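For the protein sequence lines, the chains are D and S, in the order given.
The first sequence begins at 5 in our numbering and counts up by one.
The second sequence begins at 486 in our numbering and counts up by one.
Keep in mind the hints are simulated off the structure, nothing from the lab.
This one's a predicted model, so the numbers in the text were calculated from it and none came from an experiment.
Glycine is no exception: its CB is placed at the ideal position from the N, C-alpha and C atoms.
One or more hints might be untrue.
Each computed DSS-like pair below joins lysine-lysine, with the alpha-carbon atoms no more than 25 Å apart [unchecked claim]:
#1 K487(S) / K507(S)
#2 K126(D) / K507(S)
#3 K120(D) / K522(S)
#4 K487(S) / K126(D)
#5 K535(S) / K126(D)
#6 K487(S) / K120(D)
#7 K120(D) / K535(S)
Here chain D is said to cover these stretches of chain S; the calculated rule only asks that three of the stretch's residues, wherever they fall, bring their Cβ under 8 Å from a Cβ of chain D [to be verified]:
#8 503-513
#9 519-530
Residue strings, one per chain:
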Amino acid sequence: MLSMTEQTPSPNPAEAPIDPLSTHPASPFLRTEVPPAVAFASPPNVVQQVPIYSTWVVYRTQIEFGLAILAYLMVLVGSVIVVQANPQAGWRYFVVVLPVAPAGFVIWLTVRSLAKLDELQKRIQMQAFAFALGWTALITFGYGFLEGAGLPHLNWTYILPLIAVLYALGAVIFTWRYR
Amino acid sequence: MKNRLRVLRAELAWSQAELAAKLGVSRQTVNAIETGKYDPSLPLAFSLAKTFKRQIEEIFEAEGSRV
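Extracted from the complex, chain D is given alone in its bound form:
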């Protein structure tokens, strides 16, 4: 049955085998073969692999500082609310100093981050501290005399933000100086 169909092609031209143009004796087309694959030398791997670190590794200091400051604000607001609700309670003194604990944690984080710095960065921080200490001393000392002359008495809690602002200013100044 199979040999019969090979010898006698189907009368239907649609079913006739396709004559490839390139095999015809008068064909202008050339039979082409797929060229063999050329083995190029692989390019040198110049792209340096940048190590990928997790957010915790890269931003650990910032995250810890953020959480400590958040804890300070939460304890501060909580203690103020509790003391305002119980203005005559004997234990109110313990509650109002509670925000000092998370503030102390912020200071501990600051001291720990200083230990990680290199020698020039430590020098810059030391100069910034000296700047903050000197100006805080002069400003508080000067205002003390002004209070004696009649200016209103300011709260002691203004001193820590003053130190922080002067320290940040000093860090900017002395970082700029070593650029």
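Starting from the known structure of chain D, arrange chain S on it as the hints suggest.
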């Protein structure tokens, strides 16, 4: 102190950040040493000499040395 850090670094085609990573310091510190604004400590100077495989005297030169 004068130093040849920038020249030596250019010979090896290292960036400031690459040299800083090899020394374990910040790029800011490498830049301050190169521009002569900061003199490195003795341990850091030895690390630099070791990194460039040279003597300290080949890298740093004391200006107005009293000796």
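Results for each hint:
no. : hint              : verdict
1   : K487(S) / K507(S) : holds, 22 Å
2   : K126(D) / K507(S) : holds, 19 Å
3   : K120(D) / K522(S) : holds, 22 Å
4   : K487(S) / K126(D) : holds, 23 Å
5   : K535(S) / K126(D) : holds, 23 Å
6   : K487(S) / K120(D) : violated, 28 Å
7   : K120(D) / K535(S) : holds, 23 Å
8   : 503-513           : holds (count 4)
9   : 519-530           : holds (count 5)
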